[in-house]
Each structure stands twice: as structure tokens, then as C-alpha cells.
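Enquirer: Chains as they are written, first to last, in UniProt numbering: chain A, 1 to 319; chain B, 1 to 273.
No wet-lab data here; the hints were simulated from the structure. Mixed in with the good hints there might be a few duds.
Computed from the model, here is a short list of chain A residues facing chain B with C-beta under 7 Å [as the list claims (entries may be wrong)]:
hint : residue
1    : Pro-46
2    : Ala-47
3    : Ser-129
4    : Gly-268
5    : Gly-271
Derived, one-sided and incomplete: chain B residues facing chain A with beta-carbon distance under 7 Å [to be verified]:
hint : residue
6    : Thr-8
7    : Ala-88
8    : Ala-115
9    : Ala-119
10   : Pro-122
11   : Arg-164
12   : Pro-224
13   : Phe-267
The C-beta atom is built at its ideal place from N, Cα and C for all residues, glycine as well.
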Amino acid sequence: MTTVQDDASVVAARSVGQPGAAAPGPTTRRRRSRVGIRPPKWFVLPALVAYLVVVVVPNLQGFGYSFTTWDGLSPEFEWVGLDNFARVFDDRSSYGAMVNTVLLTLAVVVVQNVLGLLLALGLNTTVKSRYLLRLVFFLPVVLTAIVTGYLWTYLLNPRGTVNQILGALGLEGAQQDWLGDPGVSLWAVAAAIVWQGVGITMVIYLAALQNVPAELVEAAKIDGAGSFRRLMAIVLPLINGAVVINLMLTITGTLKQFDMVYAMTGGGPAGATETISTVIYKNAFTLLDFPLAIAQGVLLTLVVAVIAIAQIRLTRREI
Amino acid sequence: MRPYTWRTMLLEVGLLAAGVVFFIPFFVLFSVAFRNPDAAPGPLDATWPPNFDNLVTAWTSSAMGPALANSAIITVLSVVPMIVLSSAAAYPLARYTQAWSKGLFYFFVLGLLFAGQAATIPLYILIRDLGLMGTIWAVVLIHVGGAMPFGVFLYTTFLRELPRDYEEAAALDGCGGVKAFARVVFPLMRPITGTLLILQALGCWNDFFIPLIYLSSGSNLTAPLAVYSYVGTYTADWPLVFSALLISIAPILLFYLFAQKHIIKGFAAGLKG
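Bound conformation, chain B alone:
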């Protein structure tokens, strides 16, 4: 590493200034949400002492409690099968080197090219015909199927590089294919599982488009949908709206604060892949 010179210090001051400017929207999010109606607003809408009544009102007047629970359920129900299905598929795809396994792998990867907009309406009709309109299963099914190309791609390319020794040892010990996968292969693929877990959990939690299409008319709102409908009702009342925004992203903010290193690494690793 190069030494810390006066030029580095100048750079540090400049970057810190950029960081402060960059942070202003967050600061405003908190200061508007905690606005004290009896105090004169200072710079960037800050009031002192902060008032937490808006948070309480937003919680009781919105459907945010059930929506957070719903988002959590949808995220878990989507991410677990994403990981199980794509890791399992990757095992034979990576270990057999015949034409069928290579072809099937390319067939999965082809899905990465499809943005999905051409499929929106046919999928909508399919979900309607299956009778899943308004249920969380519509969203779960679409999340899981849509995640297969990325998951299969990451797991298969990783597993191809992984030596077969452990599996051979397991086979010699009499482990069948299923057991070898569960006991040996899946644990060895932990780095990919971690990356997928982070990317897909955030993706499911933050998803707006699919819940908007399938859940907005029913009672199964997700957190982003509850925010959307709350803003529609309380447009002009920014302190209430911002309190609702804050509640809806609280789980993400906590997750980010505790796992930021893994999250940043996961994004860098996953998106490069």
C-alpha cells in the first residue's frame, strides 16, 4: 500500500464531502418521518426533539404489519426452492459430460437472455387459469421459475471447478447419489448458496412488478405494495408517508447493517457471474 500523503488527505476530504451529500436523502427520510409538528424545521427538515407519533400512526393506519409478514413468507417460500431446485439440477449437469447435459445447461443459460416482458401476459393468463390470482403462490411460482437460469448457471459453473475427490470418497463409503449430494456436494457449494441467498432474498423482498400484477387487488399485500397503496391514500402527508417507507425498509436496513460485508461481496460475485 502506498503511504498516506497530503494528497491522500485532500482526496479523503473530497470523498467524505461526496459521502455526506450522498447521505442527504437518508437524513431527510429520517427527519421527515420523525418531524415534530411543534418545532420549527431546521436545515434538511430536521426538527428537535424528534417525534415518533408518525411512526405509530403509520403503523396503525397502514397494513404494514401483515404486509411485512407476507413479504417475509413470500421471500422464504421463494428462496428455499430456488436454492434446492437449482443446486440439485446443477449436480448432474456439472458431473455428466455427455451431449444431453451440456445441451440442457445451455438451455437453462438461454433463459438469462430473456427480459420477461414478452412473457408477462401469457403468464398472467396461465396464473388466472390455474386459479392462483391474488394468492402468494402466484408470486412464489414466478420467482422460483424465473430464478432457475441464474441459479443453475452459478451452481453448475462452480461445481465444474470443484474436484470430485470428496464425492468419490463418499461413493466408496457407499453413499448413493442423493446422499452424496445432501451430505457432501451441497455443503461444498456454500459460497454460491450464500451469494444466491443474499441476491434472491433482497430481490424477492424488493420486487414490486410481480406483486403489483398478481396481489394488488387482494388482501395479500407485500411491503412494497403496502407502501404503494399507502402513498395513494396519504399523498400529501409526507411525515406519515415517510414513516411508512421507513417501516417497510427497516428489515432491509437491519440486514444490511449486520451483513454488509457479505451483501456487498455477494452482489459483486453474483453480478459478475
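Next comes chain A alone, as it looks inside the complex:
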């Protein structure tokens, strides 16, 4: 839509700061842009009301109530300062959930990005099955997360598929009660999360790789750079934007992770897979400890917001 554009005013409007482009007099531009486009301003209202009611006001209330004893029932509540936040760090289950969430996030971010990039590099070649394989690797992305969770609960049970395969390979020693052993359950959950999400990571890397000029990579090859050197020195800097997006998507997504954990372990065994989101859910709707749940929600929201801001700054996108 930008190729053939002989309307001077439009070109001018879109090429500000590009000397050499068609430069019509200011009068032309002003006259043309006056030609009555008057979008109705009230068009904003319905979206604004929905946004205020569902997002803005409840978030502000949440931030405000996090300093009080508000329990949603009694109209009277008092200001307690940072007490609720102190409880978040004193409460052992809550503290454990924060540690688990950070470990889970680290594992998922590293494995999913490495695997996703490797798959994208492999499919960004002339292999004949690349479209079929892209279809297969992406398929779990569209599945309902709790369905994936239950599927993996079966695969990982002591007599499940994973242990069957290990047995068939003669690796009986590696067999585990994957979800029942507090030492491995968090990593087993991480594996299921990566299986579900690696397709989207791969597709975003693939889209970026397709914009890397093949000549650049070829030139480096002729200059004697090995494939690892080429990846580090040429390809990765060129797909920097995709790396940042994928890192942020996997970080924020795993920090908020609820469905898979809830379906696979419910936070067990002995709290070994409890995440911030499952603890918030339990505090809010099982224990009905609203002040603690709200404080935890505020902390998680702040962490995710800081990371999202970092993403915008790193990709330096103009919005």
C-alpha cells in the first residue's frame, strides 16, 4: 500500500524528515488534510468504559486495598501500611512459591528459547518437510492448557509413557515418579510447559530468520567462519528483536503460569510446584485471605510490568 502513491499530501505526511522525497508546499498539505475526515469522537467511549470497568478501576482498587485489611465483605477496614507485603515474605508457602516461580521461569526461558531457535534454524533451510514439521511443532500452542496438563500427567505417571520409553531403551535407572518426587516435579512441569510453548517461540524466530540476507551468511562462510561463529556474530545480532520478544514472552508467561501447574500437580507434592499464581488463587478462593492474595497479586503485577517496560525500551519501538 506504500508502493504506488502519487498523492503528494500523503507522501509528504508519511515521509517527514526524508529530504529528497516529494516536497509539496505546506498549503497543499493543509488544504488536503482539511478534506472532511471527521471520525466520531464518541467511538472511543464504549471501549473506554469497558477498559475502565474491567482493567483500570479493579487494578487501582487492588493497589489501594493492598495496604488495608479489606476483605470484600465488611464495609469497615483499616490502613495497615506495608503489613500485607511483609506477610508475603514471612509466609513460608508464599516465599516457596516465589522461589519455585523464579526457578520454573529460568528453566522454561532457557530451554524454550534454545530449542525454539534450533528448530527455527533447522526449518529455515531447504528441508522438504519444513511445512509439515512447522505444523507439528506449532500444534500444542493452540491446545487448551489444562488439557495439555492432564495429557502430561499421564505421560509422567510412574507407569506412564516416559518411563515406558526409558525402560524400552534400557534406562530403567532414569525412571522416576516424575510428578510425585518433590526433587524433580518442578522440572517435569517445566518440560510440559516447553512442549506446549516452543512452537510459538520457533515461529517468531523463523519469521526473523527469513529476513536475514542469505548473502551475508554466505560471505561469512567464505571468509571461513564456522557455523557457530556465523550464528553468534551474524545471525543473532540480526534477529535481536525476535530474541528480546521471545525472552519477554516466555518470562512474563511463565511468571503468570497457572493452568498447567493447577492441572498437573495442583502445587504439590508438598508445595514443590506451587507458583505465585496458584498461591494467589488458593489464598483468595480457598483460604479467603483477601489482603494476602491482593498483596501477592500487586507484587506479581509490578514485576511483570517492569519486565514489559524493559521490553519496550530494549526493542525501542515507537508507539
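Could you slot chain B onto chain A? The hints should help.
Expert: Frame of chain A; chain B shown alone:
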């Protein structure tokens, strides 16, 4: 494109092997769901001939029929207003260049930063006070409001890049703002509408957390909720559970098979935005 060499072939074999391993969970999903109780299970729980009785039992013993219908209704009732409201809001936000429209746009985009956990309980109280507990309207309202930042962001940034010529022509022909939007602007924004339609429809269908909070006590179960309650009842009976899982994701699988190209593109375009 580079030529197909023996190294490419080696890579192809490796990738195909990875693809097969990656596909094993799906294979097991089908082989457990279709397990034949009279046959000895082979590798990966495969039995021959497959038995479809579990599928029938799961269908009749679960609330999956009404739940699928409910999920479909909630998805449509959520996605249509998401698209109408956010595209309409984007029109003035993109076309006016005064401070108010820019400020309002940033105000919407700010919502992308909020993960939502801080708002969970205040929203819960609001829905309770509105008397919407247990109704699909609770879920629809939250889906629609929650989607505004993303929708407004995608539509507005797209529309800012779109030349005004068509609208000017429509205005010269005597089209008012509303008519110009419906006849000219909205059709031109089709790529964004397609992306949003795919992302939000899948998001609404697959959503578990919001229906869990607002619908799990009532009779308006969604497909993921019906799966959740069915697993709670039939924990040990994996063939029945897997049949229920399969039924609940059947609409998604069909959608994916028919529209996979658009879906993959939609995800890539939407999440980069």
C-alpha cells in the same frame, strides 16, 4: 535458496526424528482414548483394533455437549464486541493528532502492562455486586474489557499507517463518520481483524482461570471446566478422561487443520505487535 545437499538430508532426518518424538504425546492421547480393553497394549499404549466406546461413554457421562455449546457462545459473545469496540475506538484515536487522542491511546496501551492478578479480587467483588455470578456475562464482560488494550493498540498503529485517501473520497461522496468507518475503514483493517479474531477466539475458548472463578459453581460450564470437573470424578479411568480431553479439543483441532497457515501467521503477527 541453497541447494539440497547430503548435509541437508542429514538435517532433515534429524528434524523428522525430533518431530516424531514431539508428536508422541498426541499419539498417546489418541491411543489411550481409543484403548481396546480386549487387546494387549502395544508400544505407546496402542491397541488394535481401536475401540470407540470410551468416546461414547465420555460424551454421555460428562456435560461435554452443553459445555462445548457454552464455550462457543461465550467465544462469539466475547470476540464480536472485542473487535467492534476496539476497531471503533481506534478510528478517532488514529485520525486525530491532538493531545487528547494521543494521551488516550497511551492510556489504553498502559493496560498491556497489567498482568491482572492485582485486579482479580476487586473484579470478583464487582461481578458479585452486579449479580452476574455464575452467568456467562461475567466471563464475557471480563474478556471484552481485558482485550481492549491489545485490540486498540493493534488497530490504531495499523490505521495510522493507512493512507487517508479512501476516507477522503468517501467524505467527498457525502459519507458521514459512522458510514465511512463501516463501509471504508473497517474493511481496510481486515488483516488486524483476522489476527485478533484468531488470537482472541483461541484465547477465549482455552481460557480456564476466569471461568474457573465465575462459572465452576453453576451449571454454565465451559469445555475446559467440564474437562476439569470430569477429571475430578474419573481420575483413575484414563481412557475415559482422554476421550473427554479429545472431545473438548476437537473443535480446536479441526480449526487448526483447516486454518493452520492463518493461525500461525496470526500468532506471529499479533505477538510481535
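Enquirer: A separate judgement is required for each hint: does it hold in the structure or not?
Expert: Against the structure, the hints come out as follows:
no.: 1; hint: Pro-46; in the structure: holds, 5 Å
no.: 2; hint: Ala-47; in the structure: holds, 4 Å
no.: 3; hint: Ser-129; in the structure: holds, 6 Å
no.: 4; hint: Gly-268; in the structure: violated, 14 Å
no.: 5; hint: Gly-271; in the structure: violated, 19 Å
no.: 6; hint: Thr-8; in the structure: holds, 6 Å
no.: 7; hint: Ala-88; in the structure: holds, 4 Å
no.: 8; hint: Ala-115; in the structure: holds, 4 Å
no.: 9; hint: Ala-119; in the structure: holds, 4 Å
no.: 10; hint: Pro-122; in the structure: holds, 4 Å
no.: 11; hint: Arg-164; in the structure: holds, 6 Å
no.: 12; hint: Pro-224; in the structure: holds, 5 Å
no.: 13; hint: Phe-267; in the structure: holds, 6 Å
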